[in-house]
Amino acid sequence: MQTQDAISAGYGGDKPSYLTNGSTLKSWLLTKDHKRIAIMYLISVSVFFFMGGIYAAFIRLELLTPASDLLETATYNKVFTQHGILMIFFFLIPAIPAILGNFLLPLMIGAKDLALPRINLLSLYIYWVGGILTLYALMQGGVDTGWTFYTPYSTTFSNSFVMAVGLGIFINGFSSILTGLNFIVTIHTMRAPGMTWFRLPLFVWAHYATSLVMILGTPVVAITVLLLAIERVTRVGIFDPAIGGDPILFQHLFWFYSHPAVYIMILPGMGVISEVISNFSRKKIFGYEFIAFSSIAIAVFGFLVWGHHMFVSGQSIYAGLVFSFLTMVVAVPSAIKVFNWTATMYKGSISYDTPMLYAIGFLGLFLVGGLTGLFLGSVGLTVHLTDTYFVVAHFHYVMVGGQVIAYLAGIHYWWPKMTGRMYSEFWGKISAMLVFVGFNLTFFPQFILGYQGMPRRYAAYPEEFQVLNIFSTAGASVLGVGLTLPVIYFTHSIIAGKRAGDNPWMLPGLEWRTASPPPTENFEEMPVVTWEAYEFGEENGLDIESARKASGPSVPVQA
Amino acid sequence: MSHDHTEGAHIGIPGYLGVFAILVVGTILTYYVATFDLDFIFAGANTLVALLIAFTKMAFVMLYFMHVRWSGRLIWLSAVASFFWLAIMFAYTMQDYLTRGQGVFSY
Amino acid sequence: MSTHDHEHHAPGLQHQFEDMKQQEESVSIGMWMFLVQEIMFFGGLFTAYLVFRFRYPLAFAEGSNHLDAFWGGLNTLVLIVSSLTMALAVYYAQKGNRNLQVIMIVLTMVFGSVFLGVKVIEYTDKYNSGLVPVTGWNKRTTEADLKGGADKKEKAFAIPFIETRAEAAGGEHDSHAKKPNPHGEFQWNYGSALVDYGLKKEKETGKPFLTESEKIGYFSNGVFDPDKYRDKIRLFYFIYFVMTGLHALHMIVGLGLMAWLLWKAWIGTFSAEYFAPVEMSGLYWHFVDIVWIFLFPLLYLLGRHFIH
Amino acid sequence: MQNSSWIPFFPEQASTFAWQVDLLYFYLIAVSVAFAIPIVAAIFFFIVKYREVEKFATPEEIHGSMVLETVWSIIPFIISMTIFIGGAIVYFNQYTMPKDAMEIYVVGKQWMWKAQHSTGQREINELHVPVGRKIKLTMTTEDVLHDFSIPAFRTKADVVPGRYTYLWFEATKPGRYHLYCAEYCGLNHSGMVGWINVMEQRDFDNWLAGNTSSQTPVEMGKDLFENKLGCASCHAGGANQRGAKLEGIFGKEVKLVGGGSTIVNDDYLRNSILNPAAQVVEGFQPIMPTFKGQVTEEQLNALVAYIKSLTPNAAATTGAPAAPAPMGN
Ligand code: HEA
Ligand code: HEA
Ligand code: CUA
Ligand SMILES: [Cu+2]
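Same order as they appear, the protein sequences are chains A, B, C and D.
All residue numbers for the first sequence refer to my numbering, where the first residue is 11 and numbers rise by one.
All residue numbers for the second sequence refer to my numbering, where the first residue is 113 and numbers rise by one.
All residue numbers for the third sequence refer to my numbering, where the first residue is 1123 and numbers rise by one.
All residue numbers for the fourth sequence refer to my numbering, where the first residue is 2 and numbers rise by one.
By construction, these hints were calculated from the structure, which means they are not laboratory data.
From the three backbone atoms N, C-alpha and C, an ideal C-beta is built for every residue, glycine too.
Possibly wrong hints are sitting among the right ones.
To be verified - Here's a subset of chain C near chain A, in silico, CB distances under 7 Å, partners left out:
| hint | residue |
| --- | --- |
| 1 | Ser1148 |
| 2 | Gln1159 |
| 3 | Val1256 |
| 4 | Gly1258 |
| 5 | Arg1262 |
| 6 | Phe1331 |
| 7 | Glu1334 |
| 8 | Lys1337 |
| 9 | Leu1357 |
Stated by the list, open to error - In silico DMTMM-like pairs for lysine to aspartate or glutamate, Cα to Cα no more than 25 Å straight-line:
| hint | chain 1 | residue 1 | chain 2 | residue 2 |
| --- | --- | --- | --- | --- |
| 10 | D | Lys174 | A | Glu473 |
| 11 | C | Lys1301 | C | Glu1334 |
| 12 | C | Lys1217 | B | Asp149 |
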């Protein structure tokens, strides 16, 4: 089919790119092309992110003053619950895997598509159904249980739309399961000739580990939410203490998934960071095998530590000790990664492009987030810290400072590949700075608040906490501006951005060896891989000389 | 990866019938054993026997009906891994219930 | 090799694959990953079962004794037969034998339906004897219904020609305890034989027989409390219904899958080269069978040895 | 206030194991700094030193180093074990219940804390304890999960419906410390706060004997209303309060749910406190708990006196003068 669209095909190709191969709504909604599905995910996930962000803005505004004056407690409770639910289940979990992973996995391993394209499309539809159901429930009145849905409040006491939202999360879970399933199959069976396991980009390894967690963990939260829903409808169930049930069992089942899920929320980010650090230092990654296996180790050991969310819940105190011990063990693979990333930059040729700025930000923020995770894993200390703002600060450092920043790094990094156009470097850097500063200003004070004892999920708090809360709210405004900028310059880039060329950064990865944006079948010819991962020399078929001429003295800055 | 299920007919009709017979015998056996009180061996012996039979039956279904015997390493691995993960869930949940309020921490 | 203009695909080869082998391998790994997912899904329920069985063993045994092991056992056999026919369906598909393939799929569906039919009988029985754990979901009976006795029997929601064991045993088994149930609440009219047994054992051996949780869970101020005991049995029935209910739901999905497969097989889609859908549906069917292989002893047989 | 410590924004240490928790905290901060500073320094050094000088240069390859990998796996592991052991020791101290402790029963309830001393005294959202004595709390809840949390003592524990959980501490300094509910429990979770009053043993004995102070009835009522009984958590005034407005009601007529109305007088007030569900004011939910058995006659009188004082010239608007409060002096 010959579609002559306004956007011309990518450079070098005489065939339409995936973007121009059909422009009807149907050609998008019924596509099996992983790249189009990724773009649709990008749009949907962004919507959820901004909704979650607006809730965050309301949280911060309410906490500007000690009394619950802007929002009444009832509203506040719904606001933070919905903030957590949207951000975790509908933004952060799908963010990197379903957008960047979907788009890049086949490209990186030299495949025409994911192994099961129809399942991929199905997972998008499931995500939409789950999302729309949740949004509908939020509009009907929302939920106020906290994103953790602890029983018996959620089963018997809450008057909000627990069922509907639970159902939304249940459905959405299957989207995540199917994505993970698809990735595992694809990585096993779809690698191009010569693409051995140890030539895979670390992004792929990270997604492999993530997919394991998705498959092994997500069904458990599905059944848990289902049991909760049944109990809510029938008014009888295994979590009901009145008949001998155990509310703490809910916590076990919930965290069996939700702790590993925090690794769903960081491993893909770590994959992105491995790519960015190595590629923008033009340096082979230090300790490839260690980074690859530490991802798997995190995924596996991550299943053994869920009880660290329940140190004061009334679980056995011995269980607390065991879980604390294992929590310490699982921190080691993360440490290995951090050290290897740092070592990679040694003797590199480091450029300061926006993705790299984000990646460096990630290193610092994940360090703080991870180290404070150790505070929380140290059981005697957590008795004091749990359910305070220390926890809130910890998880925002790893989730926002970690995964969201990695996600931004990745979006900037692969933007030219996805759209064929450059974004504005100048504004990219400004926004990276604003996000970094705003983020720290928002969440660092919360560590101090937490140690002082300010409990989380409080609409009103004692006056002595106000000063630090004002800092936090101020920071959130800066952060909000920093996060709004990309929307503007990315939109501008789609309309009027400079053409990027196929390989603007002269990188060796397979994804850079096809047109930008890539054609529907990804590669003109089935690639044959003869080089190791992260080798930057000319001998690997990179035409560096002419690229240098074409790119001019430095990266063009345009406003 | 060696994955050769296209070769078809692994154990033939007699083989399938044989497995079927084992499963039926297992079912009858598990029912029959359950009516005896085996607690004199040790508490919970009945449950253990029932589970052993169930596991045996499962093994036959998986190996022959589901062709795991002729499948690649990855299939074996995923079968084993899923039980391993179940074991994690059981073991670490139960370590809470089994040790509540005991020892130096008893109240 | 450039493949996009490769028009001579093998039947059923999808565009993203190079050859049939790659496709089959992908589909099979995908299916197994799906099964792993299913195992974890049921795993959550088995954990719940484990926890509460560990806490209230006697209540669970007592509850289990009022499930009908005959029907449960029969259903196990039925499922095993259907597993056999399913395996044979795959076998004949591999052989490219359309007719036998179709017959085997039909047989599988028949046995699957028999299984569900038996479940209906069992559920009905529970409904009639007030053993559904949800208030209001049991048969509502009044004083008058009970007094009416035998002639009122047809008023019970009964399946024609089939008498469940509890009904057959009805008179001697539970006449002493039948209480009216005007609101359809969960009932337990069968006493507490096992707790008595346990207490007797404790006296004889001097060793604790009841668990700590049981001592709290069945007694109020040291006196046996039938209401508290009933609640623990209710917990068992809750788990029973959720587990078997979800299993039955999987059976229904399986039957849908079979119907689709039947149609495909009927029009002759499958051949010795291309039969992956049959094989994959088979994997699913066997998985559902395996779940039942565990449900049967855990739910129906536990505590059976106390009867004698 | 809590910030009276020598470090700004640092909570007061007021229990025997507070210093242990703080020590662990500082140890962890030290570990964090010890790791963060070199890593961040290295990053900055590298990005400056090895910044791009030529576009698309291909620096020499370094594959990795087994020695380094081993070192930086083992060192963090050892350090993390010290953290674990430190945490375990502190945890042991926090959660081994002392045998010789004074026992207090605590019941959580949406959204208040009820405490009962072994001598029978009851308190709401307040807990009076003597300094230097081991106190063990035996806790449960009537409805959902709550969490009894005292930051100044560095301890907390969830309370779980259907069973007991336990907490102990030994306060080291007299004072007034925040008590929070730290497990989300619904609507008024953030209002489920109170105070721990640590007193010298002598004051505590006096307090137990009911000889709190020589306040006037109105002062005493105000204290009860705002602090001791937590009335103010619902009747604090403002637009969003859940309880009825009490200012200026005395002597007025109020409309009741189910039709009818009544004049607010002493008896009505008293009845509203002891048996709130009997006469529910129009426009409100019958959520006010009964205080029967929790307030002494004397306190009841003080409360009535205080509520009356919220209406200027209350005595003038009603014929009946307030019952003289039998204050002990
Ligand atoms: C992306 C998400 C993410 C990630 C990656 C992590 C990572 C970690 N988390 Fe976090 N966590 C959350 C998200 C995340 N967490 C969320 C959402 C909650 C709250 C949920 C709720 O209640 O609502 C939470 C809560 C939480 C708790 C419970 C707190 C409480 O409620 O009481 C604990 C306790 O142990 C904990 C620990 C850890 C640890 C040890 C790690 C480790 O994996 C971190 C490892 C990283 C490092 C250690 C840094 C790098 C290492 C070095 C620089 C070398 C030095 C290292 C050593 C000396 C070992 N987290
Ligand atoms: C992916 C996960 C994720 C992300 C990205 C965020 C992002 C943010 N979160 Fe969130 N948060 C959670 C997950 C996340 N959070 C979870 C799980 C909880 C626990 C819930 C619970 O207890 O149940 C929580 C709870 C939580 C609390 C504690 C509430 C409480 O316990 O009472 C606070 C308080 O400050 C907070 C703040 C923020 C802020 C300021 C951001 C910012 O980073 C957001 C920045 C984004 C935007 C601001 C949107 C983009 C910009 C615009 C739309 C422009 C307009 C806006 C402005 C100009 C301000 N969050
Ligand atoms: Cu009670 Cu929060
Ligand atoms: Cu965790």
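Comparing the hints with the structure gives:
no. : hint                  : result
1   : Ser1148               : 4 Å, holds
2   : Gln1159               : 5 Å, holds
3   : Val1256               : 4 Å, holds
4   : Gly1258               : 9 Å, violated
5   : Arg1262               : 17 Å, violated
6   : Phe1331               : 18 Å, violated
7   : Glu1334               : 13 Å, violated
8   : Lys1337               : 12 Å, violated
9   : Leu1357               : 6 Å, holds
10  : Lys174/D - Glu473/A   : 22 Å, holds
11  : Lys1301/C - Glu1334/C : 31 Å, violated
12  : Lys1217/C - Asp149/B  : 48 Å, violated
Hint compliance for this structure: hints 4, 5, 6, 7, 8, 11, 12 are broken, all remaining hints hold.
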